[in-house]
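Assemble the whole structure, with the sequences as input and the hints as a guide.
Residue-level listing of the chains:
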Amino acid sequence: MTLALNGVTKEFNRRSIFRDVSFSLGSGESLAITGRNGSGKSTLVKIVCGLLSPTRGTIEYVHDGKMIEGEDVRNHIGLVSPYLQLYDEFSGMENLELLSAIRSDRTLEDGRIDEVLNDVGLWERRKDLLRTYSSGMKQRLKYAFAVVHRPDILILDEPTSNLDKDGIEMVTRRVREQQKSAILIVATNDADEATWCSKKVELGTHR
Amino acid sequence: MSAFTSTFALVRKDVHSELRTRYALNALIMFVVTAVATILFALRSDQPTSSVLSGLYWVVVFFTAMSGLSRTFVSEEERGTTMTLQLVASPSTVYFAKLIFNTALTFSMTIAVTILYMAVFSNAFVIKTLSIFIGTVVLGSLGFASASTIIAAIVAKANTRGTLYPVLSFPILIVLLMTVMGATTKALDGEDLSTALGDFQILVGYFLAMTGGSYLLFDYVWKD
Numbered sequence: 001m002t003l004a005l006n007g008v009t010k011e012f013n014r015r016s017i018f019r020d021v022s023f024s025l026g027s028g029e030s031l032a033i034t035g036r037n038g039s040g041k042s043t044l045v046k047i048v049c050g051l052l053s054p055t056r057g058t059i060e061y062v063h064d065g066k067m068i069e070g071e072d073v074r075n076h077i078g079l080v081s082p083y084l085q086l087y088d089e090f091s092g093m094e095n096l097e098l099l100s101a102i103r104s105d106r107t108l109e110d111g112r113i114d115e116v117l118n119d120v121g122l123w124e125r126r127k128d129l130l131r132t133y134s135s136g137m138k139q140r141l142k143y144a145f146a147v148v149h150r151p152d153i154l155i156l157d158e159p160t161s162n163l164d165k166d167g168i169e170m171v172t173r174r175v176r177e178q179q180k181s182a183i184l185i186v187a188t189n190d191a192d193e194a195t196w197c198s199k200k201v202e203l204g205t206h207r
Numbered sequence: 001m002s003a004f005t006s007t008f009a010l011v012r013k014d015v016h017s018e019l020r021t022r023y024a025l026n027a028l029i030m031f032v033v034t035a036v037a038t039i040l041f042a043l044r045s046d047q048p049t050s051s052v053l054s055g056l057y058w059v060v061v062f063f064t065a066m067s068g069l070s071r072t073f074v075s076e077e078e079r080g081t082t083m084t085l086q087l088v089a090s091p092s093t094v095y096f097a098k099l100i101f102n103t104a105l106t107f108s109m110t111i112a113v114t115i116l117y118m119a120v121f122s123n124a125f126v127i128k129t130l131s132i133f134i135g136t137v138v139l140g141s142l143g144f145a146s147a148s149t150i151i152a153a154i155v156a157k158a159n160t161r162g163t164l165y166p167v168l169s170f171p172i173l174i175v176l177l178m179t180v181m182g183a184t185t186k187a188l189d190g191e192d193l194s195t196a197l198g199d200f201q202i203l204v205g206y207f208l209a210m211t212g213g214s215y216l217l218f219d220y221v222w223k224d
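As given, the protein sequences belong to chains A and B, one line each in that order. 1 is the number of the first residue of the first sequence in my numbering; add one for each residue after it. 1 is the number of the first residue of the second sequence in my numbering; add one for each residue after it.
Because the hints were derived from the structure by calculation, they are not lab data. For every residue, glycine included, the Cβ atom is placed at its ideal position computed from N, Cα and C. Please note: incorrect hints may appear among the correct ones.
Here are the computed distance ranges between Cβ atoms for each label pair [stated by the list, open to error]: (1) A:Phe12 x B:Gly205: 35 to 43 Å; (2) B:Phe4 x A:Asp64: 24 to 32 Å; (3) B:Ile134 x A:Gly57: 52 to 60 Å.
Structural data, given as structure tokens:
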């Protein structure tokens, strides 16, 4: 899998958020997106996920030598982000089952959901409704949701927010695993988290 | 095949979610009961004509739809789950799933209004041509659901959701309302099925045009 951004610019109502962002990543590579508050880290993350269109510039996703177009992109991406919410009226297990069914993931093997719930430390609370979860447990479930379909690109926006020591260890374990064979992107203000990655893009430097 | 699987999985999610949260269902039930009760008290012992009754019937359906159908998108927006859906489903999957869900809600609502009407206006609301009535309710519900779904998607992105929904809906639904009112009057007056075929053609055309247009527009409403 390769991901390439060429001259990506984003403007909202003629206000420039960032200009000419370019980078290229292959499997096993990782990138930290840094910058002060309001520099556009989360906006860039949404653009990479295909949730927002850039004002100018192009994004290319190539998998097994073939260009991935349009809606297929989302099947290759896992996202953990503060603005991503799951359904409070369902349990952790139900959230993963329903969302995997909507994703219509035919590669999802039996027991995969159990495996990721165990991995993020939510197995014991898997049948409890999400509204009874703490903010840290919800963050753990977001990790389970992001990795259940084994994405080629894992994007973490503020990866350790709301997590305790065990949670942060879970994240670093997940980061190491992702770096073995896939692409990792971390958007953060934390200097320690930025060191997880081999490449870095700093936003907000053009003003 | 995977698009069908995805769509029905999303419908299943919406049904489960609705049964647990009662986001739209409670609003619909309360509105139907209070609107029919208000009409009953207003008319008292009067014997309304078939055109008045059919007009009031669709007024109840219109305002009930306005109070409940926008919830399918507004609840996703309010809970912040829109982005989650964008990550797991294509825009066409979301559109058709919400359309199916809204159609089911509209059918349930029209059946409830019909039963209540027949119970409280047992002398005046007598369906003499059942085929016209069933055709009108089925096609009218499809048209209502189709228009309401795309308007709900647009309104969910706005700040003034409560007032915007009926304001946007009325000009779009006026053609549908006039047609279903006319056809329902024919069903109550006992006219022949052949007299309502023109109305049915309008309703089918309305549904196809609205669904086709919505499908093309939805990508732009749903993303960015």
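Status of each hint after checking the structure:
| no. | hint | in the structure |
| --- | --- | --- |
| 1 | A:Phe12 x B:Gly205: 35 to 43 Å | 40 Å, holds |
| 2 | B:Phe4 x A:Asp64: 24 to 32 Å | 26 Å, holds |
| 3 | B:Ile134 x A:Gly57: 52 to 60 Å | 55 Å, holds |
The structure is consistent with each of the numbered hints, conforming to all of them.
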